[in-house]
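Protein chains: 2
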Amino acid sequence: MKFIIQRDQLISSVQDVMKAISSRTVIPILTGIKIEAKKHGISLTGSDSDISIESYIPAEEDDVVNVEQIEEGSIVLQAKYFPDIVKKLPEKTVEIECDESLKVTIRSGKAEFNLNGQDAEEYPQLPKIQTDNSFEMPIDLLKSMIKQTVFAVSTMETRPILTGVNVNLTNNTLSLVATDSHRLASREVPISDTNIEFKNVVVPGKSLNELNKILDDAEEKVEISVTNNQILFRTKHLYFLSRLLDGNYPETSRLIPEQSKTKIQVKTKELLSTIDRASLLAREERNNVVRLTTQGDNLIEITSNSPEVGNVTEDITVHSIEGEELKISFSSKYMIDALKAIEYDEVIISFTGAMRPFIMRPVDDDSILQLILPVRTY
Amino acid sequence: MKFIIQRDQLISSVQDVMKAISSRTVIPILTGIKIEAKKHGISLTGSDSDISIESYIPAEEDDVVNVEQIEEGSIVLQAKYFPDIVKKLPEKTVEIECDESLKVTIRSGKAEFNLNGQDAEEYPQLPKIQTDNSFEMPIDLLKSMIKQTVFAVSTMETRPILTGVNVNLTNNTLSLVATDSHRLASREVPISDTNIEFKNVVVPGKSLNELNKILDDAEEKVEISVTNNQILFRTKHLYFLSRLLDGNYPETSRLIPEQSKTKIQVKTKELLSTIDRASLLAREERNNVVRLTTQGDNLIEITSNSPEVGNVTEDITVHSIEGEELKISFSSKYMIDALKAIEYDEVIISFTGAMRPFIMRPVDDDSILQLILPVRTY
Numbered sequence: 001m002k003f004i005i006q007r008d009q010l011i012s013s014v015q016d017v018m019k020a021i022s023s024r025t026v027i028p029i030l031t032g033i034k035i036e037a038k039k040h041g042i043s044l045t046g047s048d049s050d051i052s053i054e055s056y057i058p059a060e061e062d063d064v065v066n067v068e069q070i071e072e073g074s075i076v077l078q079a080k081y082f083p084d085i086v087k088k089l090p091e092k093t094v095e096i097e098c099d100e101s102l103k104v105t106i107r108s109g110k111a112e113f114n115l116n117g118q119d120a121e122e123y124p125q126l127p128k129i130q131t132d133n134s135f136e137m138p139i140d141l142l143k144s145m146i147k148q149t150v151f152a153v154s155t156m157e158t159r160p161i162l163t164g165v166n167v168n169l170t171n172n173t174l175s176l177v178a179t180d181s182h183r184l185a186s187r188e189v190p191i192s193d194t195n196i197e198f199k200n201v202v203v204p205g206k207s208l209n210e211l212n213k214i215l216d217d218a219e220e221k222v223e224i225s226v227t228n229n230q231i232l233f234r235t236k237h238l239y240f241l242s243r244l245l246d247g248n249y250p251e252t253s254r255l256i257p258e259q260s261k262t263k264i265q266v267k268t269k270e271l272l273s274t275i276d277r278a279s280l281l282a283r284e285e286r287n288n289v290v291r292l293t294t295q296g297d298n299l300i301e302i303t304s305n306s307p308e309v310g311n312v313t314e315d316i317t318v319h320s321i322e323g324e325e326l327k328i329s330f331s332s333k334y335m336i337d338a339l340k341a342i343e344y345d346e347v348i349i350s351f352t353g354a355m356r357p358f359i360m361r362p363v364d365d366d367s368i369l370q371l372i373l374p375v376r377t378y
Numbered sequence: 001m002k003f004i005i006q007r008d009q010l011i012s013s014v015q016d017v018m019k020a021i022s023s024r025t026v027i028p029i030l031t032g033i034k035i036e037a038k039k040h041g042i043s044l045t046g047s048d049s050d051i052s053i054e055s056y057i058p059a060e061e062d063d064v065v066n067v068e069q070i071e072e073g074s075i076v077l078q079a080k081y082f083p084d085i086v087k088k089l090p091e092k093t094v095e096i097e098c099d100e101s102l103k104v105t106i107r108s109g110k111a112e113f114n115l116n117g118q119d120a121e122e123y124p125q126l127p128k129i130q131t132d133n134s135f136e137m138p139i140d141l142l143k144s145m146i147k148q149t150v151f152a153v154s155t156m157e158t159r160p161i162l163t164g165v166n167v168n169l170t171n172n173t174l175s176l177v178a179t180d181s182h183r184l185a186s187r188e189v190p191i192s193d194t195n196i197e198f199k200n201v202v203v204p205g206k207s208l209n210e211l212n213k214i215l216d217d218a219e220e221k222v223e224i225s226v227t228n229n230q231i232l233f234r235t236k237h238l239y240f241l242s243r244l245l246d247g248n249y250p251e252t253s254r255l256i257p258e259q260s261k262t263k264i265q266v267k268t269k270e271l272l273s274t275i276d277r278a279s280l281l282a283r284e285e286r287n288n289v290v291r292l293t294t295q296g297d298n299l300i301e302i303t304s305n306s307p308e309v310g311n312v313t314e315d316i317t318v319h320s321i322e323g324e325e326l327k328i329s330f331s332s333k334y335m336i337d338a339l340k341a342i343e344y345d346e347v348i349i350s351f352t353g354a355m356r357p358f359i360m361r362p363v364d365d366d367s368i369l370q371l372i373l374p375v376r377t378y
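Note that the protein sequences, when read in sequence, are chains U and Z.
Just so you know, the first sequence maps onto residues 1 to 378 in UniProt numbering.
Just so you know, the second sequence maps onto residues 1 to 378 in UniProt numbering.
Calculated directly from the structure, the hints in this document are not laboratory data.
Check before you lean on any hint, since a few could be wrong.
For identical chains, the list gives no copy identity; a pair is met inside one copy or between any two copies.
The list that follows gives simulated cross-link-like pairs (lysine-lysine, PhoX-like), each with its CA atoms no further than 20 Å apart [claimed, not checked]:
#	residue 1	residue 2
1	87	269
2	19	147
3	39	110
4	333	87
5	88	269
6	333	80
7	213	236
8	103	38
9	143	80
10	88	221
11	261	2
12	221	147
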């Protein structure tokens, strides 16, 4: 194997596949990066067996030459050293060469590294996924769906299924739902041009977080395919494979109250920064609880009290308050996470009493829903 | 106590005094920030009893009003909450008011925090230092002296005196020396307009690191005063007091070889980045050892070998090599630290054999000296 590659391209591909590599893997060869040179380009692969990422650098693209003098072959290099070496090489191009005894030479300018490689034959094959059974969507839309839901997954391993995001595609509607049983985040978008349907697909939250980091906004579309136990996200340069979680995701639709007793419409950012301030004193307490109290027709009061430290009070003038008066306490952290996911200037919060879950949606957009269980404080 | 203050000014003063505050202090009131309002301005104080920092905000300066409606008084507020509160307040100005029962109210826009303060009378008095026995120097010069020496202090408590920087002022020359017994860094500058002399003043490395972070390049001069057990650095807005280390600093001048057998003149950055690359494979080994070998009259080779991982070789064309041929091994970390402190384009390295300490100085500047003990590798 041999090739000369643009260093910047190599750095960014290495960074992408590193997202899948864990130093704590039980399969030793997975601590390495697999490099494969083929006639038309170079592939890098990283995997921790839950997530596998392949990044492809075409030899030539849009009349720019990325890779030259390719001699086909493959090798696995230690992920502990290779990324830093590539980052610190002196010149814009890097020559990588590997002989039959798995010795790898990396040259750039006057610097020459000789590394011990591992046989690429020993690297596990990524499962081949049927990609004819797939649908496409814009990358920026998928990223925003992930951002609006994944924070609500459970971090506790007591109910493993809740550490994933429930992904469903039915009636040309793609929905993502996450809940840790104290709050729930959901987002729906229409997907046209597909006949595919699937249900109870649960993708680990960690996989979606890593995917979100490496999906490149500069690319337009991502192709998604689902099998029994894997989900594949594919773009022109990226092949991102994640295992699915086993088990049945709980039915969440019945948690969402259909009626409300109090409705508040308020500027999202104003409420967010007020709750953020109120949470400063609450952070010692369990769940960082703050309290919301309606005051007449267009004023709410946010308070927090931490006996040893002090208390904080702030009024917000809101667009409208409809229905019953209300005093309710909730976790400021959950509220801040949810308001950040709203992404619209104004939010409508619908309450059904101080002891029932309440929901938040942007004004004029039903596709985003955030639900929070209140905290009993008396 | 009451005043209304520009929030930006308050934030930057709070950040400065926070550098002295430790949550692990044995004196409970030192976990707080002392706020003192006087007719002409506000002082904030933080201390961990080793370092004390006072930041002063004048009510009016250069025709800008920083503080208004001052009613004199003082209070101590928990450093755990106060900085975040100030940072997140909604408006450009902040009103701080304190009643006789030590209740503090912080108002900004519609936000109101009520905090429990502590009696400022219980806060330890900073020692008053005789400032007529002081000398002045430019701030940027002091900062560069600290940067060029402080990294070489020992981090081991086995010889506590070596965790400090030895500061001497004799014959109108200020010198800073630091050594951990494996390397030594020293810098001298002339100080005119003073008759003061002192010796064996040892300032904790930690104090100088914190001082370096908060000294403001926008101010011009710093005034330095030394007593038996304290050193004071004073600018218009800052009062930075550090205790000195007890004990005698070792005589270091005899460590510095006076003759050399091999002299190499080389571009500082080129050598630095080459050694940085060579150290990538060496990091597993003790001390990150790399080897330098002269090759004829104007080439040196930097190599590193880590049997399990591989090896690296890089040649550098140098300005000149005088004297004997040389093969020498040393810690790449020490070398990188020293070269960063050189601050000149070209460096002269003087060796007296593979087993003796070697020294580095910038070309045409004797005021900076870096010394490193080589590593025996055979």
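Status of each hint after checking the structure:
no., hint, verdict
1, 87 <-> 269, "between (39 Å within a copy, 17 Å between copies)"
2, 19 <-> 147, "within (18 Å within a copy, 35 Å between copies)"
3, 39 <-> 110, "neither (27 Å within a copy, 66 Å between copies)"
4, 333 <-> 87, "between (38 Å within a copy, 18 Å between copies)"
5, 88 <-> 269, "between (42 Å within a copy, 13 Å between copies)"
6, 333 <-> 80, "between (36 Å within a copy, 19 Å between copies)"
7, 213 <-> 236, "within (16 Å within a copy, 46 Å between copies)"
8, 103 <-> 38, "within (19 Å within a copy, 73 Å between copies)"
9, 143 <-> 80, "neither (29 Å within a copy, 36 Å between copies)"
10, 88 <-> 221, "neither (33 Å within a copy, 39 Å between copies)"
11, 261 <-> 2, "neither (69 Å within a copy, 44 Å between copies)"
12, 221 <-> 147, "within (17 Å within a copy, 50 Å between copies)"
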